[in-house]
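Residue numbers (my numbering), protein chains in the order written: chain A, 322 to 878; chain B, 362 to 710.
Where chain B lies over chain A, by a calculated footprint (3+ residues, C-beta under 8 Å):
hint, region
1, 613-622
2, 654-662
3, 691-701
4, 778-788
These stretches of chain B come out as covered by chain A in the derived footprint (C-beta under 8 Å, 3 or more residues):
hint, region
5, 424-434
6, 447-459
7, 464-474
8, 552-559
9, 578-588
None of these hints come from the bench; they were simulated from the model. Heads up, the beta-carbon is just placed ideally off N, CA and C, and yes, glycines get one too.
Given next are the chains, with one letter for each unit.
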Amino acid sequence: MSTDAIALPRTELASRPFVDALHEWVTTVDHKRLGILYIVYALVFLVIGGFEAGVMRIQLVRPHNDFVSPQVFNRMFTMHGTTMIFFVAMPLVFGFANYLVPLMIGARDMAFPRLNAFSFWLTGFGGLLLYFSLVGANGLYGGGNAPDVGWFAYAPLTSRTFSVGHSTDFWTLGLLVSGFGSIGTAINILTTILCLRCPGMSLGKMPLLVWLNFVMSGMVVLAVSPLTAAQLMLLVDRYLGGHFFDTQAGGSAVIWMHFFWIFGHPEVYVLVIPAFAFASEIIPVFSRKAIFGYPVMVAATICIGFIGMSVWAHHMFTVGLSSNANTFFVLSTMAIAVPTGIKIFNWLATMWGGKIEFKTPMLFCVGFLFQFLIAGLTGIMLSAAPFDWQLGNSYFVVAHFHYVIVGGILFTVFAAFYYWFPKMTGRMCDETLGKLHFWLFLIGFHLTFDFMHIPGLLGMPRRIYTYEPGRGWDIWNLIVTIGVFFQALGTLVFVANLLWSYFKGKAAGNDPWDAWTLEWSTNSPPPAYNFATIPTVKSRRPLWDLKHPDDPDWKYE
Amino acid sequence: MASTQHSSTLGVFHLFLVAIWSAAASTDTAAQSMSPTNIFAPVSTPAKSIFGLSIFVLAVAAAIFVVVFALLTYSVVKFRKRANDDGREPPQVYGSNQVELAWTVIPVLIVVALFMATARVIADVQKTARPENAIEVIAIGHQFWWEYRYPALGVVTANELHVPVSDSTHPTPTLIKLLSADTDHSFWVPRLAGKTDLIPNHPNSMWIDPHQTGLYLGQCAQYCGTQHAKMLLRVYVQSRDEFDRWIQEQRRPAFASDAASRGQRIFETTACINCHTVAGTVADGRFGPDLTHLMSRDTIAAGATPNTPQNLRLWIRDPEAIKPGSLMPAMELNDQDLNALTAYLETLR
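The shape of chain B in the complex, shown without the other chains:
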């Protein structure tokens, strides 16, 4: 008996979710056009589970709001002191146990319903076993940029995460291990999943399985220092072919032409190499982003500005102009050296 009741409650909950789902599908484009980071336009299972729960919670809250708001408004209007008041005190009522019991038990029931729905989604998202053929990525938060390592694929990159699309016939979820090199950060791409913090000495993980290709935006959601605001997240969800091609390209060693050799010499004889890696050269610093395939990225400075030659040159000359408080120092090079260095970086495809 108890189990039948249980399943029928869940059945109602499911029906409710399905109804919301179909309603949401029609407003999906509207939600997307409102903002590229709208939490109500999910494209990945964790974000969708949260979306379902949030609609349920919102509906309950709205119902409570309507009832209590109406009662409050009614009593404030109805029981105001009239102009023709007789000046006598109204009847004094000290309380009523029946009424108190009613407005204790009803909220308790509502809380139980909300709690059960919530506990289910927590289990769905947090207790899911590591899926087969998941892509594993290690995301490391730095002040104020993201390092991404694909240990099984031998790829290291920064700030722009590439993952394959996952469909129901060929699920290819991505498991992200979250580490921090310095302070606390938080990985938040609202359309893919809720946020999870990156805390030094406290490894975390999360997973996503985006169902649509495209670029998904987000940003660091835990205050991490001066440039917390420009620690932006970009997740490129690609078809399996495109993703494999991208992996192949990232695995190639850096390409260096003769024309850039002067720039390369400058790069390798200044402080650049203390912080940056270019695979296959002497540059093996890990404090800043890996630059081996810098030109394959759309943006620089953790998404703060587009990756154009002008911006790259400005970034080397005066990082403060783009991202004040960033840990990249101004390199104090003369114009010729600056041009040569920029030219070299532009060969890192």
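Next comes chain A alone, as it looks inside the complex:
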């Protein structure tokens, strides 16, 4: 297998004009550059969304605080939720998928490079459109307004009766535009995986990351479409006299909830399955063992994909569905715990008997395992519909889904950063700063989200800009807010580490982690064409076979 890049003569000028470089990045159709664009774009919005969370936490630090007005607070939680889901988590997922999938299957690019670029720029403009509401929502005379309807924008709060001006329109259009981008990228990933695998890579020999991104992309196509349809209906309601969600004219508020959550719950899996994908690549490499139970991991993922499409109404247990409907969604929701549990056990078994090396990526993955366990268990509590009648829409729910999204997804995304940064830039991340980042973020995460469960159990609903003293919520809210500062500090160290390592980090070489998948067989960073010769593989770990010719994987698979 010859996978070395062709050594091109160095023709680059010492100082290329900035405009040229910019032009190259804007017009690029290279999957690696688009991947990095997605990731950088997401990091910018991560900082903005984090700032919005900080404003909310300062406001809630004590009862009857007046740091911001209720109007500003309501805009903050709407923008925080929308930003973090659509313009941080989704672009991060797509960014890594874009970068890694072609490299891992031995392809030269995505199946549709121009669609890829188009999708990225749609997503990019979606985010800009949402934030343009800050200047444009009340008309173009400067006094703007961000949307304040909450990230799931329940009808009829979004009707023109209750939401005057254009803030809701910016929210709708932003998600509509970026939704088309998401669907485009998902179709692209599906096609790439189905059509561009290198010789020898049957579906059963794909790295788990590729399998999981395949399932994720399928879910995006199925889940984002209803959201896009609902946004169009909302626009028709607001401007063309439609009555889909107009409760004053016989429309249904509940229909919006169904449309939103048949997107919204699969969306959780759209985000968490790539997180599983990162863990499934990183844990084996740092345990020095093959993933335990590969076929079962694939089956469990497909299972999650299917069941995940049929659990949405567990977000609606308090809406007054019939007891039969509630019972069905209890069952489907609890059922999903089984494949998810299988995954945790398989990661555990992968570490079992290994030689675990606690480099920064592995630290974040171990954090993920513990935290995702807790997130799953609070998820089971919420799936028991009567328990949800108490916990739903309380701070317990907020704590639960942040445990999934931060404790699960963001932790593995950080792991992915530290793991693939050397491939993307050719330089190693600083290990000391990485560990500092891990510990600061871990402390901050647990201060914030462990203690956030408690006010929920004590009756504190979400989305309130202030609360009454004497409810027993004060001390918990104070601790939660303190944790935010640790998380902010950790993120600062992370960004500093990325910048410092990009310019000063030590050279990485092609394969710094002694890993086993194809992306480590080419240069760091890989050339535009990825592989000089398209590789041929015989097993799930082609580089293991190469490094251990006496004991290759394909003998056992």
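Start from chain A and add chain B according to the hints.
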């Protein structure tokens, strides 16, 4: 055979609940003192059923947590790379069908147990037939206050719900029909019941049967607009006598004295009457709370502030000072008119 097994499973579940119950009784005061809205201090059947289930689910979750946490910790500590490592790769294990089967079947069994316990409580709370001699209340959510109507008793009030205590010998549950006048809201008084949403064009209902007199707090639990945070719930659970007396008082027409007549004139010639009702006068607006017996309430502005003359005057002069974003406009009255109007409202007992 199957049915015996079934009943013995339920028997175990019951025993378990009884054990939890007695344990909980001793911690009851502790739970109450932690917060007046603690979900673990139930005083009404729906909240108690939920409490029983939640303890069962918590116990199962705790057991799973302990086992998996221990396994994870063990493997992370035990299998870390040692300083004196020989540099060789560990034995490669690709999987094991027996092990996979074990950790599939065990979770399936746990899920079945949890599901059956849950389905039972859903049926208990949701399928209960409408009890005899239930008090019927219609609760209507508004931005950002609660309207309560007792159709059989001819009473209309706002923000402070009064219900009779229910004991096992004389059960007097309260059936609450939930409607919304504008956006979505949610009725959540944690010690009485789980929350149920109030959705326009989608009538819902819930029921409570509080076993203890007292004041139970809660608040709107579905984001409904700017002042969602100060849409507070107050439920006064009274003895049957007190409740009947309260009903009698609420049914009386508004009392108006001569001293207040100037204030009444102001009330009836300004925009007040577009939104507020005072029974027996020209004021019959329904956009805002019914003020017929305003002075019988402890709070104003949906529980946002105590019902004192100073607060009432401030509320009329500048609602933004108490509840920014509330739909009550500032009335822009001069000091004399403001005093007269406040004096009139204070006669509405």
